[in-house]
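Student: Residue numbers (numbering that gives the first Met the number 0), protein chains in the order written: chain L, 0 to 502; chain G, 0 to 488.
Calculated directly from the structure, the hints in this document are not laboratory data. Keep in mind that this is a model prediction, so the values were computed, not measured. Keep in mind that a hint or two might mislead.
[Stated by the list, open to error] Derived DSS-like pairs: lysine-lysine, alpha-carbon spacing no greater than 25 Å straight-line:
| hint | chain 1 | residue 1 | chain 2 | residue 2 |
| --- | --- | --- | --- | --- |
| 1 | L | K427 | L | K487 |
| 2 | L | K206 | L | K192 |
| 3 | L | K412 | L | K498 |
| 4 | L | K15 | L | K206 |
| 5 | L | K135 | G | K347 |
| 6 | G | K237 | L | K78 |
| 7 | G | K68 | G | K18 |
| 8 | G | K347 | L | K27 |
| 9 | G | K336 | G | K95 |
| 10 | G | K237 | L | K74 |
| 11 | L | K285 | G | K243 |
| 12 | G | K68 | L | K74 |
| 13 | G | K358 | L | K78 |
| 14 | L | K338 | L | K397 |
| 15 | G | K237 | L | K15 |
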Amino acid sequence: MEYEAVIGLETHVQIKTRSKMFTSVAYKFAEAPNTLTDPVVWALPGVLPVLNFEAIRKTIELGLMFGCTIPEITKWDRKNYFYPDSPKNYQLSQYDQPLCLGGGVEIEMEGANGSEMGAHRVVKLTRIHLEEDVGKLTHFAHDSLVDYNRAGTPLMEIVSEPDMHSADEVFAYLNAIRNTVSFAGISDCDMEKGQMRCDVNVSLRPKGSDKLGVKVEMKNINSTSNVRNCINYEIRRQRECLESGVPIVQETRRWDAALGITQSMRNKEDAHDYRYFPDPDLLPVKITPELLDSIRADLVEMPFDRQRRYMSDFGLPYSLTSVLCHDRELCNYYEASLKAYPKNPKATANMIVNDLQRELYAKLQQQSSQEEDVFEETERKSVEHSKHLEECLLTPEKLAGLVEIIDAAVISKQMAKEVFVEMFATGKTAAEIVKQRNLAQNSDTSELEEFCRKAIEANPKAVAEFKAGNEKAINALIGPVMKASKGKANPAVLLPILKGLIK
Amino acid sequence: MSQEIYYKKLTELDEMLDKSEISAVELLKEFIGRTKQIEPQIGAFISFDESRALAQAAESDKRRASGRKLSALDGIPVGLKDVIAVRGQKLTCASKMLENYVSPYTATAALKLEDAGAVFWGRLNMDEFAMGSSCENSAFLKTKNPWDTTRIPGGSSGGSAAATAAGECVVALGSDTGGSIRQPASLCGIVGMKPTYGLVSRYGLAAFASSLDQIGPFARSVKDAAVLLGTIAGHDPKDSTSVKIDIPDYAAQLDAGALSGKTLGVAAEYFGDGVDAAVRKRVEEAIELCRSKGANIKEVSLPHTDLAIPVYYIIATAEASSNLARYDGVRYTHRSKLADDVISLYTKSRAEGFGEEVKRRIILGSYVLSSGYYDAYYLRAQKVRTLIRRDFERAFESVDAILTPTSPTPAFKFGEKTANPLAMYLSDICTINVNLAGLPGISVPCGFTPEGLPVGLQIIGKAFRESELLSIAYAYEQAAGFSDAHPNL
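Looking at chain G on its own, in the form it has when it is part of the complex:
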């Protein structure tokens, strides 16, 4: 299939660059043109730095020309969610609080991309401080779903998903605390992966909930996601929660025959009433396809699944209430002009700087940690979190991976759930457990609803077995063939 350059896969573009069919500068200009052309429709970018990107691309061309190519990513335009720090670039977290903040240092994951020769193409929209499931909580702009611009792209990494799906960048990084990579990937019809907690350094990722946050890749194929993950993974002495393990060449280890002989779990708890009929149908077809490719399908039980939402909204908000305390009007954030003493400096700056959802979660988190409530909420939630983790451990004794829908519904309309935070929170019902258990999960496109909206299949793997998980996803993707479908823009 002849294809527009901007929809080509990372692996294809790498080959073209190798063969000098295109230069990195030419490639970037394709993406700059594409971005400028469709941004009015999509709205995925908070900012971009054209001249710096062009300089990076020119450097890449010099390297490739002199045979010093750094990696498959050398010269590839990569988008970053605006929550990952890059030296000299704005880091807004889609918040008025950090509207004018420029980071003086680079996140470890971004540094690894730079070392691999990637070109930073744009800072992508998100829900403010990664809190939300629709990207509607951005203080700056609305990002539209490339498949239907009357609908949301998902969130919180909605900009990363929309930009990758619409061909505004080749791949992108997002962050996932409760589903913020997998859910928008699913709604935008691309691949999105949350690695095992501790696989990718969090240094330079503005924290939402420290015990849940992970940086991960968005891509238009499993193989591209594998290349990106392999680049950013690995121990970082600057992050005490990052784990010392060897990182294999994920992309090289992909196996199209991986489904054969695998045992895949299906849990009834993930197919409850809240799951849209069309979504259910596509996911069931995906399960059947896996069976036809030689996988054994086994029923598993994850009995504490329904406790995930309350547990998540206690732990995540508690951590967030403390993590976001540093945005106080004293040093580098928005400072209210109305402040006239230290208390009003805090209260007015924070009242003006934070959006509604962020305030709601800070208040919730402060409440569950306060004296007299700590045991009843935070401590109890931690205990239930252990039960959820054990559910998975037990299930993984008999299966290699677990298949679920990524999101209970396809992309919904703007404003559909903004008035009802609880309805919005349920968007993450299939993904949150994976963060609470610290496991890796990937969303792979598995077809469309009758209205033409993408549906994602979530595959949950064992801790630090990304290689195996990616292979299963790759084998499914090869069998299903949805990775060449693109929105009509």
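Just chain L, same shape as in the assembly:
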């Protein structure tokens, strides 16, 4: 029998806010343990939570981007369970009145090749709610240590419908969430730093059936490649179970990345009874139409909309947009360059995607080998990459200046590559470099005529062939002229001179 996998995701995204969800302490990654704490984080006797409005605003912002409905009233509930990473032994979360309901995430599947757009579809969402993160436990042979720095950090949980059917779709879904969230500046979504984590629900059913099978949950998977491997493993495991008549039990399984398998953690009977009830310390929050309007007014463009706009308005090929539109910093850079010189969007995009990216990666590679640091995850790289872009000496305006002088035929494309490298290294403008190094193309016909005459005299064979009708033979004369002009001869001026002299 053929089976179809049904997959739903719960994706946790840490929200970049100035302070934690219910207190004024800040959150940063990799600080000394238990330094980002206060009486509220420690859950000392008598403390009370105070809502972080910025986190509410950013969650609504993402909800609006994904087309969710924002209910008028939202409230907070206590999810009760004992675990040492949770200082209160309850987590403040949203049970039955979340901030965002419904909506969907547009995803793009991989195309046939890099220059072809893949198929698009919308994955349905159930809800997005806001909650607080827990601390971090480190286990040793006889003891465990807990660090509450992360405890109380705002976390949004994006819950999808069981609306995906393959690991590739899930991969596309996570990419779409990451792009949207990072374009909106809500989070950096660095999975390595725990800024994005997900729980995956997988079930199998006979193809064509519309009933859901028994679902298995895999918790806290911390990289996109692990998500992909875990789902593929789980689909295979469940198919083998079904084919050999072993019933699938509803359970939670742990993904062991080292072994590449999932292992049973607990079954349905051991499931927690979270004893949810409305938090009496926090009042329900009314989301006013005025608030929604003000958030709507500041919404950023969805990454796929931007990509379609770049293709239609700027005539960019898909391959260029697919690089640009996965990186907010690159897009900002591109648009800033276009603002400085709007006449050649395609050449500008090409220079950013090819030359700039090449130099940035070279620099990154050089630095990371110096730091003896190994970057395995692409998401990590992209974060570093945007940092490099921020510090890049070659500003968008300067890059635009280079495109402009190429268009004006001040220097050749060949020459431009060299100029680019120097601009990147020194931050000088193209004009400065051209002037200092005297690189402007030579269009002085009298001087060029002299070079051409000498080339014709030195190459009688090529001249004869050209006269006999072989147009290409003239190329043999261009090299010597270029050499004589130190590469500055303008080919557009040069060719008519050569042809005129030969006739």
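Got chain L sorted already, so can you dock chain G onto it with the hints?
Tutor: Just chain G now, kept in the frame of chain L:
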């Protein structure tokens, strides 16, 4: 009437300090001496910090001497129930669980007292985590009723009531979740008030039941209670349930003629079989006195009164089961030496750290919230809570305040109700509704039983109309004249 210093009212002492008839340090020493003398009989204090209090008093003297007096409370010794956090002081909640816990921060209400110049004199005994009606659930000591030391002082704020009644402090703060200020005030013959929910910040009050808890004053007169309430009331950004309203000068607005022309409600539901005959008699006399001072007495009906106890013990225990989950042996509480894994760390630490009543309520609360029972208990209780609130709203359409007994009985003997939790729970039958409805209530002394035990009159007011409620209480107090009666110690 010439009086011992330690029985003088806050307002009198303020005047003496103003006139330099006594210094704050001298005053505090009076209370230190008094406390050390009678504590063996009373047992109201869990701890006190003599040197810190003396330093605070010395600062106060400097301020008063240089004309920089902060308020009427400047230099006045105030007791705090051991459930309100003060930086650098122990906060035990009368529990083994927090026996050695020192708070690194100060509760907003205590901070306001500090800003007003008050001297913190002692941390007062209570039922563990404010759960109880007799103070017998304290893990550390028994507090005796100053009027009869064979009897309980009431609870849970029994230490605050006994210390104030016995002249071990001038005024005190307590907390009231189901009657924990008003009932012990009544049993100890002093004034105790629970403000409207949201009037006083709960930040720094170790939570029992968050939707019911309020901090409030104990005093030997209505005016002193008004001064104390005015100091601690007001919006606090650290407590999302505290309300943004202007706080008037309650003490200045007191009006001895307030009873004239007022309509006061009396509800038959509060005078049922469980009410002791002597208590009933004194409360009825109080009602008559109000009538004689120009008040109209009107029958009102509060039909859902009898549901208050079950509703309260569902909502309060549910919230408590979650609020007390943080006392787990991991960070700052008692940790069992027998723990050898994470589960036994929790179970053994909590088994050793919590007393019987606390455990009973945690189990009850966990049960009513558990899946499959939530709708039948917690959700239903919330609906009935709304009905109780509506009872009061309807009654307050035609009356300005409602008069009831504070406690159905006078102070009872030690051990009398410990074997029967339900009998103990009924001690709060007259006060619990007021918490469920979020309203302000005050207990004022209204006489004595034939055995000489104090009886309290409860006056229930409209939400956030503390000024009016205090005036009615003040007018009654002036007419009745019980505020100068003190136990013979």
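Student: Against each hint, give a clear statement of whether it holds in the structure.
Tutor: Outcome of the hint check:
no. : hint              : verdict
1   : L:K427 <-> L:K487 : holds, 20 Å
2   : L:K206 <-> L:K192 : violated, 38 Å
3   : L:K412 <-> L:K498 : holds, 23 Å
4   : L:K15 <-> L:K206  : violated, 42 Å
5   : L:K135 <-> G:K347 : holds, 24 Å
6   : G:K237 <-> L:K78  : holds, 22 Å
7   : G:K68 <-> G:K18   : holds, 12 Å
8   : G:K347 <-> L:K27  : violated, 35 Å
9   : G:K336 <-> G:K95  : holds, 14 Å
10  : G:K237 <-> L:K74  : holds, 18 Å
11  : L:K285 <-> G:K243 : holds, 17 Å
12  : G:K68 <-> L:K74   : violated, 45 Å
13  : G:K358 <-> L:K78  : holds, 20 Å
14  : L:K338 <-> L:K397 : holds, 12 Å
15  : G:K237 <-> L:K15  : holds, 22 Å
The structure fails to meet hints 2, 4, 8 and 12 from the earlier list, while all remaining hints are met.
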